[in-house]
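So the protein lines, in turn, are chains A and B.
Throughout, this note's numbering is defined as the position within the first sequence, counted from one, plus 14.
Throughout, this note's numbering is defined as the position within the second sequence, counted from one, plus 14.
Simulated from the structure, these hints should not be mistaken for laboratory data.
Be a bit skeptical, because a hint or two may be false.
Which copy? The list can't say, so a pair holds if one copy fits it or any two copies do.
Think about it this way: if two alpha-carbon atoms lie no more than 27 Å apart in a straight line, the pair counts; the simulated DSS-like pairs of lysine-lysine are [said to hold, decoys possible]:
{"#": "1", "residue 1": "K388", "residue 2": "K213"}
{"#": "2", "residue 1": "K413", "residue 2": "K110"}
{"#": "3", "residue 1": "K193", "residue 2": "K434"}
{"#": "4", "residue 1": "K421", "residue 2": "K350"}
{"#": "5", "residue 1": "K110", "residue 2": "K45"}
{"#": "6", "residue 1": "K45", "residue 2": "K216"}
{"#": "7", "residue 1": "K413", "residue 2": "K388"}
{"#": "8", "residue 1": "K213", "residue 2": "K434"}
{"#": "9", "residue 1": "K193", "residue 2": "K425"}
{"#": "10", "residue 1": "K388", "residue 2": "K103"}
Predicted model, so just to flag it, every value in this text is computed and none were measured.
Number of protein chains: 2
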Amino acid sequence: MVFIFIMHVLPVALTPKRILLIGAGRVAAQKARALLDSDCEIAVIARSIRDPFFLAAFPHPLHLRAFAPDDARGWDIVIDATGDRTLSKRLWERRKALGYWLNCVDIPEYCDFYFGATYRNHDLCVSVSTGGASPRYAQRIRDLIAATLPERDTVFYRELRESRKSERKQVENRGQTGKVFLIGCGPGSREQLTLKALKTLKFLDVALIDALVGREIVELLPEDCRRIDVSKRKGCQQFPQETINAMMLDHARQGFRVGRLKGGDPLVFGRLFEEATFLSRHGVALEIMNGISAFLSGCLAGGITPTLRDYSAGALVVSAHLRETRFNSDWIPLLKDFPYTLIVLMAHSFAGKIREAAQNAGVPLDIPAAFVSKIDSPGQTTVIGTLEKLETMARHCDKPAILVIGKAVAKALEMPHTGKRITL
Amino acid sequence: MVFIFIMHVLPVALTPKRILLIGAGRVAAQKARALLDSDCEIAVIARSIRDPFFLAAFPHPLHLRAFAPDDARGWDIVIDATGDRTLSKRLWERRKALGYWLNCVDIPEYCDFYFGATYRNHDLCVSVSTGGASPRYAQRIRDLIAATLPERDTVFYRELRESRKSERKQVENRGQTGKVFLIGCGPGSREQLTLKALKTLKFLDVALIDALVGREIVELLPEDCRRIDVSKRKGCQQFPQETINAMMLDHARQGFRVGRLKGGDPLVFGRLFEEATFLSRHGVALEIMNGISAFLSGCLAGGITPTLRDYSAGALVVSAHLRETRFNSDWIPLLKDFPYTLIVLMAHSFAGKIREAAQNAGVPLDIPAAFVSKIDSPGQTTVIGTLEKLETMARHCDKPAILVIGKAVAKALEMPHTGKRITL
Chain A
15 MVFIFIMHVL PVALTPKRIL LIGAGRVAAQ KARALLDSDC EIAVIARSIR
65 DPFFLAAFPH PLHLRAFAPD DARGWDIVID ATGDRTLSKR LWERRKALGY
115 WLNCVDIPEY CDFYFGATYR NHDLCVSVST GGASPRYAQR IRDLIAATLP
165 ERDTVFYREL RESRKSERKQ VENRGQTGKV FLIGCGPGSR EQLTLKALKT
215 LKFLDVALID ALVGREIVEL LPEDCRRIDV SKRKGCQQFP QETINAMMLD
265 HARQGFRVGR LKGGDPLVFG RLFEEATFLS RHGVALEIMN GISAFLSGCL
315 AGGITPTLRD YSAGALVVSA HLRETRFNSD WIPLLKDFPY TLIVLMAHSF
365 AGKIREAAQN AGVPLDIPAA FVSKIDSPGQ TTVIGTLEKL ETMARHCDKP
415 AILVIGKAVA KALEMPHTGK RITL
Chain B
15 MVFIFIMHVL PVALTPKRIL LIGAGRVAAQ KARALLDSDC EIAVIARSIR
65 DPFFLAAFPH PLHLRAFAPD DARGWDIVID ATGDRTLSKR LWERRKALGY
115 WLNCVDIPEY CDFYFGATYR NHDLCVSVST GGASPRYAQR IRDLIAATLP
165 ERDTVFYREL RESRKSERKQ VENRGQTGKV FLIGCGPGSR EQLTLKALKT
215 LKFLDVALID ALVGREIVEL LPEDCRRIDV SKRKGCQQFP QETINAMMLD
265 HARQGFRVGR LKGGDPLVFG RLFEEATFLS RHGVALEIMN GISAFLSGCL
315 AGGITPTLRD YSAGALVVSA HLRETRFNSD WIPLLKDFPY TLIVLMAHSF
365 AGKIREAAQN AGVPLDIPAA FVSKIDSPGQ TTVIGTLEKL ETMARHCDKP
415 AILVIGKAVA KALEMPHTGK RITL
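My request is simple: use the sequences and hints to build the entire structure.
Right, dumping it as structure tokens:
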């Protein structure tokens, strides 16, 4: 049993301070590097230089002599990097009288404050602290954040800057040109978003949201982002494509950053072409982002490897719906001696029709098949059976679901899976 | 021209301080909320309560009276949330004499420090500051970071905690059980990684890296992570699958967090089944992650919509390589009157053979086709032509490349694309 004491520190950003650093060894150099990134005034007192960092190029006063008690007077901050506990204790006891704040490196009880792991980018400064518990852990989190926030001067930062300027303009009418982002939001969970999608979502003014976009992804939108649910209206009627196009165009022309949020990947039955060419024709700036496709996420959840040596030399993705309502059975005859895995989107409602059409087309009904339903959400369920059992399988799960058909499906039983899995 | 003054603040985490807050209105309540998350001692002086936050449940002393000059004596920090500039100025002038640090809300020139936008999770504390330039911008970045770092008590945090414990154990032998992460790293850029993959990469001990994993993704690995390039050995020979399996098993048994980094999505020709079932059979804990598949990223780059009404009712993905070396032409006869888009991986070297096999199979050679090469990297190039022109097309781009065949390819010319695009 390890007891971990959690100190709740108060993070602040100091405006320029006058700082005295005692010591010029490796530890002092580490601290000095952090200080040089700020606008603080710095001086160093040390008996001798023991780290090359303090040689010729060091741009601040460096006094090579023993520290005298009165040296600490007049500074806002004193940093003791000597490792000399007697000195640290004395500095701590006199700090109220002399009016400085103290940081004795690696001696938490003599610290008015800790340094965190810091990431800087222009005027943006991110600091990670664990209240002294684990500097290495803080550094790793800092590195994770640094990887999330792109490097200096990228388009992203320019856009952030724009969005910052637009804060000032909020009372005026927006003068800038808008842009539409067609965003593949993946199968549902936040974890499966791409970094690019995440960053884009966080700075949208308006979002047009499809039915299959995960709820926890919608929650990522900024509070002041206008959300438009384009999946349904008055019960079950969908927005016509023309209305969605017009809404995107209208908001972009008003200067907004418009997100078109789609489940999965917009290239897979996402009406991407219709929307992208419409916007291009109207001269609207446009950025399109892939997302994790629900069909690949579904296969993984069920343990199904769609390409698998000696079982499937490829994967074909089709949809059981055509033009929203009509049942599409064109792909069914392919199943006669098909050496590939077939993945059928929106197949759940048509289980009976698919079995029937397969039988009529002379497709062997003992081909392995699986429904994977509610992909990447808490109710995720895989039902494995054969074409013959399709209707029973459908009754064991809900819409939305993908149907996977082929010899590779049977091999799923040897693979790890996530969520619930039923074999019929 | 807007001149933006950038102040380079020094971020620090304060150990518990004694803080006096002057004012009990909306602004004071905002600051008090931030202070309550820390272990600081707090008192409030205000003429009257003007924000319900300070009513009954407020757990700190609250003195309802006018502020007297001597009230500021004896505190480490004074926060003036009154908005009274005369008071702020007086507090600023006396702060050295009375020995406190001052924050006058929204008056940068009377601030020893600023508060950032803060994210807390257990003992982890992340603070974002823009040196006072734009609090809203800082909040959005904070929200972006909060979305990247998962919520309290998730598996991720437990694992971070483990990795923290393991810091202490580094000198001992590792006692914990290892785990293998099969990670789809997407087509190449950091931006196309999923959040899940990013977080996992950042805490690996060992990484086995495939050829098609982007260089900037490999750079994300922690400094002390052991990198093993399993793509090539001595020139061009690949590691046999058995060796890769044995290396994963061996490192996991030593208690390491082992990453198996694969380009694109491991479900698409990624030998996922072979590796996953091997590890399962040996009782090794295993987590598998989808990635953005290179074939979908490539289509988007070239402006190709693989599913497109009236042009393609689905997409079939195959590989031109079988068992690393043999040319696979099984899919070619499908092209006779194929209503789907066909995407062929690793096709670049076989351009001539594909054209020849198509001709021999009686496939019409005027079917539109495109190579997309160096997907998601600086040299990304799309070459659009027909099956007839395949060899010429291949000469206009390099390996690795995907080949996309079908009527939908011709429609790419109406779509936006990224990288270079050539039409032959």
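Each hint, compared with the structure:
In this homomeric assembly, K388 and K213 come within 27 Å of each other (Cα to Cα) both inside a single copy, at 26 Å, and across copies, at 24 Å. Taking CA atoms no more than 27 Å apart as the test, K413 paired with K110 passes in neither setting, with 68 Å inside one copy and 68 Å between copies. With identical chains, the CA atoms of K193 and K434 are at most 27 Å apart between copies only, with a shortest distance of 22 Å across copies and 41 Å within one. For the homomeric pair K421 and K350, the shortest alpha-carbon distances inside one copy (12 Å) and between copies (24 Å) are both at most 27 Å.
In this assembly of identical chains, the alpha carbons of K110 and K45 lie at most 27 Å apart whether taken from the same copy (23 Å) or from different copies (25 Å). In the homo-oligomer, the alpha carbons of K45 and K216 lie at most 27 Å apart only across protomers (25 Å), although the nearest pairing inside one protomer, at 34 Å, exceeds that limit. Within a single copy, K413 and K388 get their C-alpha atoms as close as 7 Å, which meets the 27 Å cut-off; across copies the closest is 38 Å, which misses it. Taking the shortest Cα distances, K213 and K434 sit within 27 Å of each other only across copies (25 Å), while inside one copy they are farther apart (32 Å).
Taking CA atoms no more than 27 Å apart as the test, K193 paired with K425 passes between copies only; the shortest distance there is 23 Å, against 46 Å inside one copy. In this assembly of identical chains, the alpha carbons of K388 and K103 never lie at most 27 Å apart, being 61 Å within a copy and 61 Å across copies at closest.
Consistency note: the structure conflicts with the earlier hints numbered 2 and 10.
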